[in-house]
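Chains as they are written, first to last, in my numbering: chain A, 1 to 114; chain B, 115 to 228.
Derived by calculation from the structure, the hints in this document are not laboratory data.
Since the structure is predicted, the reported quantities are computational estimates derived from the model, not experimental observations.
Hints are supplied without guarantee of correctness; some may be wrong.
Said to hold, decoys possible - To be clear about the criterion: a stretch of chain B counts as covered by chain A if any three or more of its residues have a C-beta under 8 Å from a C-beta of chain A, and this derived list gives those stretches:
1. 151-162
2. 215-224
Unchecked claim - Below, computed lysine-lysine pairings styled on DSS-like, alpha-carbon distance capped at 27 Å:
3. A:Lys-51 x A:Lys-71
4. B:Lys-119 x B:Lys-170
5. B:Lys-220 x B:Lys-170
6. A:Lys-51 x A:Lys-27
7. A:Lys-44 x B:Lys-220
8. B:Lys-223 x A:Lys-44
9. B:Lys-185 x B:Lys-119
10. B:Lys-185 x B:Lys-223
11. B:Lys-182 x A:Lys-44
12. B:Lys-223 x B:Lys-119
13. B:Lys-182 x B:Lys-168
14. A:Lys-51 x A:Lys-62
15. A:Lys-62 x B:Lys-220
16. B:Lys-182 x B:Lys-170
17. B:Lys-185 x A:Lys-44
18. A:Lys-27 x A:Lys-44
19. B:Lys-220 x B:Lys-185
20. B:Lys-119 x A:Lys-62
21. B:Lys-119 x A:Lys-44
22. B:Lys-220 x B:Lys-182
Just so you know, even glycine gets a beta-carbon here, dropped at the ideal spot from N, CA and C.
One letter stands for each residue in the lines below.
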Amino acid sequence: NAGVMQNPRHLVRRRGQEARLRCSPMKGHSHVYWYRQLPEEGLKFMVYLQKENIIDESGMPKERFSAEFPKEGPSILRIQQVVRGDSAAYFCASSPRLNTGELFFGEGSRLTVL
Amino acid sequence: DQQVKQNSPSLSVQEGRISILNCDYTNSMFDYFLWYKKYPAEGPTFLISISSIKDKNEDGRFTVFLNKSAKHLSLHIVPSQPGDSAVYFCAASGAQGGSEKLVFGKGTKLTVNP
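Same shape as in the complex, but just chain A (with noise of 0.2 Å):
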């Protein structure tokens, strides 16, 4: 019964590569959102997505940020040309249905710019 698994949990990029961060979701739950902790902040949402759709993407920057949910397989968020202000800890987090936000978040991934 495992929970929401997140890989890598550590990334370094240097400044122009891509990063790509993964998120399995709970057995059973059809509904991944990802949030983004920068040092010192509290989390802040970034993308609400159900199987194939992106339903609510109000929170990614307009550039560089992309996320998917493909029918096989993780979630994924991708990162093009990284800059050093990318770095954060990227937390997923899951749940069966839509409900009043109690989520199950996975440990996070931590990317670092170099």
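Fit chain B to the given chain A structure using the hints.
Just chain B, lined up with the frame of chain A:
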């Protein structure tokens, strides 16, 4: 524009005493409030929640109080235990028509001393 505010970055209490964590919000459209607990290098875990139509919710040692007129909520932990030492995030949902998007405060680091 911080809609959910936790004005105390840290709190230190003695084991067995009460811990009170506070949270203020600005958006009166929020209809659900939650507390998440986070240990270092782990994802947040859901602790307790309260609907905006209630003023109190209790679960074991944890009680959340909501004062809608003051736009204020608090989490009481009685008695506090060393294992409660963690960062506590206040979160709110529902303001933008969908309850899937959580707005988090910056967190309060609670230390319970033996």
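Checked hints:
1. Counting residues of the segment 151-162 of chain B whose CB falls under 8 Å from any CB of chain A gives 6; the rule of at least 3 is met.
2. By the rule of at least three residues with a Cβ nearer than 8 Å to a Cβ of chain A, the coverage given for the segment 215-224 of chain B holds, with 7 such residues.
3. Taken as a hint, the Lys-51 (chain A) and Lys-71 (chain A) pair is honoured in the structure, with Cα atoms around 6 Å apart against an allowance of 27 Å.
4. For the hint linking Lys-119 (chain B) to Lys-170 (chain B), the alpha-carbon distance of about 20 Å falls within 27 Å, and the restraint holds.
5. A hinted pair counts as satisfied when its Cα atoms are at most 27 Å apart, and Lys-220 (chain B) with Lys-170 (chain B) qualifies at roughly 23 Å.
6. With a C-alpha separation of about 13 Å, the suggested pair Lys-51 (chain A) and Lys-27 (chain A) falls inside the 27 Å cut-off, and the hint holds.
7. Proximity of Lys-44 (chain A) to Lys-220 (chain B) is assessed by CA-CA distance (about 10 Å); at most 27 Å being required, the pair is judged to hold.
8. A distance of roughly 18 Å separates the Cα atoms of Lys-223 (chain B) and Lys-44 (chain A); the hinted pair therefore holds under the 27 Å criterion.
9. Under the criterion of a C-alpha separation no larger than 27 Å, the hint pairing Lys-185 (chain B) with Lys-119 (chain B) is consistent with the structure, at around 11 Å.
10. For the proposed pair Lys-185 (chain B) and Lys-223 (chain B), the alpha carbon gap of about 22 Å is at most 27 Å, so the pair holds.
11. The straight-line distance between the Cα atoms of Lys-182 (chain B) and Lys-44 (chain A) is roughly 24 Å, inside the 27 Å bound, and the hint therefore holds.
12. A threshold of 27 Å between alpha carbons decides the hint, and for Lys-223 (chain B) with Lys-119 (chain B) the separation of about 14 Å falls inside it, so the pair holds.
13. Distance check on the hinted pair: Lys-182 (chain B) and Lys-168 (chain B) sit about 9 Å apart at the alpha-carbon level, within 27 Å; holds.
14. For the hint linking Lys-51 (chain A) to Lys-62 (chain A), the alpha-carbon distance of about 22 Å falls within 27 Å, and the restraint holds.
15. This hinted pair checks out: Lys-62 (chain A) and Lys-220 (chain B) have alpha carbons roughly 24 Å apart, not beyond 27 Å.
16. The hinted pair formed by Lys-182 (chain B) and Lys-170 (chain B) meets the criterion: a straight-line CA distance of about 11 Å does not exceed 27 Å.
17. With a CA separation close to 21 Å, the supplied pair Lys-185 (chain B) and Lys-44 (chain A) stays within the 27 Å bound.
18. Restraint check for Lys-27 (chain A) and Lys-44 (chain A): the C-alpha separation of about 25 Å stays at or below 27 Å, so the hint holds.
19. Of the supplied pair hints, the one linking Lys-220 (chain B) and Lys-185 (chain B) holds, its CA atoms being roughly 17 Å apart against a limit of 27 Å.
20. For the hint pairing Lys-119 (chain B) with Lys-62 (chain A), the CA-to-CA distance comes to about 26 Å; that is within 27 Å, so the pair holds.
21. Between the alpha carbons of Lys-119 (chain B) and Lys-44 (chain A) the distance comes to roughly 13 Å, so the proposed pair stays at or under 27 Å and holds.
22. Distance check on the hinted pair: Lys-220 (chain B) and Lys-182 (chain B) sit about 21 Å apart at the alpha-carbon level, within 27 Å; holds.
In terms of the numbered hints stated before, the structure departs from none.
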